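Residue numbers (the working numbering), protein chains in the order written: chain A, 106 to 285; chain B, 438 to 543.
If you're looking for bench data, these hints aren't it; they were derived computationally from the structure. Keep in mind the model is a prediction, meaning the values are calculated, not measured. Keep in mind that the hints are not guaranteed to be accurate.
[Unchecked claim] For lysine to aspartate or glutamate, the following DMTMM-like pairs were computed, each having C-alpha atoms within a straight-line distance of at most 20 angstroms: (1) K261(A) / E247(A); (2) K270(A) / D220(A); (3) K279(A) / D448(B); (4) K270(A) / E280(A); (5) K451(B) / D468(B); (6) K194(A) / D148(A); (7) K451(B) / E248(A); (8) K171(A) / E248(A); (9) K451(B) / D243(A); (10) K261(A) / D468(B); (11) K270(A) / E442(B); (12) K171(A) / D220(A); (13) K270(A) / D441(B); (14) K451(B) / D220(A); (15) K261(A) / D243(A); (16) K261(A) / D441(B); (17) K194(A) / D153(A); (18) K279(A) / D441(B); (19) K171(A) / E247(A); (20) K270(A) / D440(B); (21) K270(A) / D443(B); (22) K171(A) / D112(A); (23) K279(A) / E442(B); (24) K270(A) / D458(B); (25) K279(A) / D443(B); (26) K194(A) / E280(A); (27) K261(A) / D440(B); (28) K451(B) / D441(B); (29) K171(A) / D122(A); (30) K261(A) / E442(B); (31) K194(A) / E247(A).
[To be verified] Here chain A is said to cover these stretches of chain B; the calculated rule only asks that three of the stretch's residues, wherever they fall, bring their Cβ under 8 angstroms from a Cβ of chain A: (32) 440 to 453; (33) 456 to 466.
Built from N, CA and C at the ideal position, the CB exists for glycine as well.
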Amino acid sequence: MSLADADLIARVLLDDDRHAFAQLVRTHQGATRAFLRRLTGGDAALADDLAQETFLRAYRALGSYKGTARFQSWLYGIAYRLFISSTRKKTEPVLDGDSPPETAGPARDGTLSGDLERALRQLSVDERAVIELCFHHDHTHEEASAVLGMPLGTVKTHVARGKTKLRALLQDWKEADAHA
Amino acid sequence: MHDDEDAFLRDTLKGLDRHIDDAGFTARVMDQLPPRSSRRSVAPVVAAVIASLLGMLAPPVRTAVMQTLVELSSGWMEGGVTLASVVVLGMLVWGAIGVAVAGHER
Numbered sequence: 106m107s108l109a110d111a112d113l114i115a116r117v118l119l120d121d122d123r124h125a126f127a128q129l130v131r132t133h134q135g136a137t138r139a140f141l142r143r144l145t146g147g148d149a150a151l152a153d154d155l156a157q158e159t160f161l162r163a164y165r166a167l168g169s170y171k172g173t174a175r176f177q178s179w180l181y182g183i184a185y186r187l188f189i190s191s192t193r194k195k196t197e198p199v200l201d202g203d204s205p206p207e208t209a210g211p212a213r214d215g216t217l218s219g220d221l222e223r224a225l226r227q228l229s230v231d232e233r234a235v236i237e238l239c240f241h242h243d244h245t246h247e248e249a250s251a252v253l254g255m256p257l258g259t260v261k262t263h264v265a266r267g268k269t270k271l272r273a274l275l276q277d278w279k280e281a282d283a284h285a
Numbered sequence: 438m439h440d441d442e443d444a445f446l447r448d449t450l451k452g453l454d455r456h457i458d459d460a461g462f463t464a465r466v467m468d469q470l471p472p473r474s475s476r477r478s479v480a481p482v483v484a485a486v487i488a489s490l491l492g493m494l495a496p497p498v499r500t501a502v503m504q505t506l507v508e509l510s511s512g513w514m515e516g517g518v519t520l521a522s523v524v525v526l527g528m529l530v531w532g533a534i535g536v537a538v539a540g541h542e543r
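The following block holds chain B by itself, in its conformation from the complex (with noise of 0.2 angstroms):
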């Protein structure tokens, strides 16, 4: 096929190029999106899972929880639980609910 008749068909078809107004169109596909918590990102999760781990590995926490778990466990047995591994124990679960909040927010 012969170069000027693939410029003219080239040219030809870009001359009827017509704008096409938005007109809603793109606020009408927004509209029809999933919303946000399908589409989640796992930045800040992945985040608190590994400070979760680091915070477990470094020596004074894993030590803390450790011995939260060990007088739990023989303070349920035994009658009666030291405040100190109450308050660990809270932090851990207040910590555990701010990662699920802030990842349910986002």
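Only chain A is shown next, with the shape it has when bound in the complex (with noise of 0.2 angstroms):
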């Protein structure tokens, strides 16, 4: 956690510190809004609405805040859990794992970048989430386990299936542009 994170959750916690608490979303709001755009496959209304809430909470629950993780990465893990909480209470299936990607949004701009991004909605959000965090944002893979409250196992799991899957991807797509 850097110093200035610190010092600005102490003035939170100590004096209700409004400004301080202000600084710190300022600080946080784009990596977790970003992040929640990746799990939502790009729906920035619902990304927002839910990384206020993210927000909200961490208010909330400040004082539970260990300090051990860096403060952004606990505000992943807020993020993901709102994420998933959101999905459940939709009619579509639990998501996990194992569930269907979601659909692949726009057509293929021909890009890296975009193929990219098109890949990785196709991705399950657990595997989805996994990958962001391990590769997006530097964390090891017991970070991430800590963060989104997963077995170490199962992430190492997801990322394993999340690479295979985008590897796939991106091949089929080159090749689907070198015949075109």
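Starting from the two chains in their separate frames, assemble the complex, guided by the hints.
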């Protein structure tokens, strides 16, 4: 945890310093919203609603933050659980490691970044969350396990499956482009 | 899995980063926070309690308080109280009000 975050958190806990909490939100809102947009498959409105709720829950539970993980990681954990909870309220099947992927979204634009975005939407939520934390946000498998509340073995399985799927999809599209 | 594959995935994912403007997001969060009174600092309350206890234990204060209580109780029975006991009681009540107000305003 950065010294700046530690100082701000202390001020919120000791004095309910609203300016300090606003600074925490400003600092971490971008990464949190981006993480949720990845989980929601690009649904920015849903992601922002969940992100707001994430910070409200963080405010209420700030006393339980132990400081062993980065503050941003703690927020990712809250965001992930909120997203899972929100999906369980829908009539869709419960999302787990073997759940069907979301729809692919808009058509391919032929760019690598576009293909990767599209491919990520083909992963299950858990695979997407693990890939995001481990490869985008440099979490170790152990850190991702703690943040997401998943057993370490499950995290490793999701990483392996996620990478296999991504490799297969990107390869398929690359070959399709070569033959086009 | 290959290290270069991991590095490719890591670099490409980081390349997807897009700056997300705050665009009022923080303000919307702050608007939804509960009122400040629901998350009050306990420090001044604790300090006031400790100060009160220390005050009660300090001999001069304790003597004055006990004398006040005795005089008030006997005064009620006999129909009169001393000015000193009223002043001491007033100071105790004023101090309690001050602590309560200070704790509320924080």
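So, going through the hints one by one against the coordinates:
As the CA atoms of K261(A) and E247(A) are separated by approximately 9 angstroms, the hinted pair is consistent with the 20 angstroms bound. Straight-line distance between C-alpha atoms of K270(A) and D220(A) comes to about 13 angstroms, which keeps the hinted pair within the 20 angstroms bound. For the suggested pair K279(A) and D448(B), the alpha carbons sit about 19 angstroms apart, so the restraint of at most 20 angstroms is met. The suggested pairing of K270(A) with E280(A) holds, with an alpha-carbon distance near 15 angstroms, which does not exceed 20 angstroms.
In summary, the hint linking K451(B) to D468(B) is not supported, as the alpha carbons are separated by about 32 angstroms, beyond the 20 angstroms threshold. Taking the CA atoms of K194(A) and D148(A), the gap is near 17 angstroms; set against the 20 angstroms cutoff, the hint holds. Between K451(B) and E248(A) the CA atoms are separated by roughly 19 angstroms; this keeps the pair inside 20 angstroms, and the hint holds. At roughly 14 angstroms between alpha-carbon atoms, K171(A) and E248(A) fall within 20 angstroms of each other, so this suggested pair holds.
Between K451(B) and D243(A) the CA atoms are separated by roughly 10 angstroms; this keeps the pair inside 20 angstroms, and the hint holds. Proximity of K261(A) to D468(B) is assessed by CA-CA distance (about 40 angstroms); at most 20 angstroms being required, the pair is judged violated. Between the alpha carbons of K270(A) and E442(B) the distance comes to roughly 13 angstroms, so the proposed pair stays at or under 20 angstroms and holds. Restraint check: the Cα-Cα separation between K171(A) and D220(A) comes to about 39 angstroms, which exceeds 20 angstroms; the hinted pair is violated.
Restraint check for K270(A) and D441(B): satisfied, since their Cα atoms lie roughly 17 angstroms apart, inside the 20 angstroms limit. The hinted pair formed by K451(B) and D220(A) meets the criterion: a straight-line CA distance of about 14 angstroms does not exceed 20 angstroms. With a C-alpha separation of about 14 angstroms, the suggested pair K261(A) and D243(A) falls inside the 20 angstroms cut-off, and the hint holds. This hinted pair checks out: K261(A) and D441(B) have alpha carbons roughly 18 angstroms apart, not beyond 20 angstroms.
Taken as a hint, the K194(A) and D153(A) pair is honoured in the structure, with Cα atoms around 18 angstroms apart against an allowance of 20 angstroms. With a C-alpha separation of about 18 angstroms, the suggested pair K279(A) and D441(B) falls inside the 20 angstroms cut-off, and the hint holds. For the hint pairing K171(A) with E247(A), the CA-to-CA distance comes to about 17 angstroms; that is within 20 angstroms, so the pair holds. For a cut-off of 20 angstroms, the pair hint linking K270(A) to D440(B) stands: about 17 angstroms separates their Cα positions.
Simply put, K270(A) and D443(B) have alpha-carbon atoms about 14 angstroms apart, close enough for the 20 angstroms limit, and the pair holds. Between K171(A) and D112(A) the CA atoms are separated by roughly 14 angstroms; this keeps the pair inside 20 angstroms, and the hint holds. For the given pair, K279(A) sits about 16 angstroms from E442(B) by alpha-carbon distance, which is consistent with the 20 angstroms threshold. This hinted pair does not check out: K270(A) and D458(B) have alpha carbons roughly 32 angstroms apart, beyond 20 angstroms.
About 18 angstroms separates the Cα atoms of K279(A) and D443(B), which keeps this hinted pair within 20 angstroms; it holds. Distance restraint check for K194(A) and E280(A): the Cα-Cα separation of roughly 39 angstroms exceeds the 20 angstroms cut-off, and the hinted pair is therefore not satisfied. Under the criterion of a C-alpha separation no larger than 20 angstroms, the hint pairing K261(A) with D440(B) is consistent with the structure, at around 15 angstroms. Pair hint K451(B) plus D441(B) holds up; C-alpha atoms about 15 angstroms apart against a cutoff of 20 angstroms.
For the hint linking K171(A) to D122(A), the alpha-carbon distance of about 19 angstroms falls within 20 angstroms, and the restraint holds. Proximity of K261(A) to E442(B) is assessed by CA-CA distance (about 16 angstroms); at most 20 angstroms being required, the pair is judged to hold. About 29 angstroms separates the Cα atoms of K194(A) and E247(A), which puts this hinted pair outside 20 angstroms; it is violated. Under the rule that three or more residues need a Cβ within less than 8 angstroms of chain A, the assignment of the stretch 440 to 453 of chain B holds, with 9 such residues.
Look at the stretch 456 to 466 of chain B against chain A: 7 of its residues bring a Cβ nearer than 8 angstroms to a Cβ of that chain, three or more, so the hint holds.
Violated hints, listed in ascending order, are 5, 10, 12, 24, 26, 31; each of the other numbered hints is respected by the structure.
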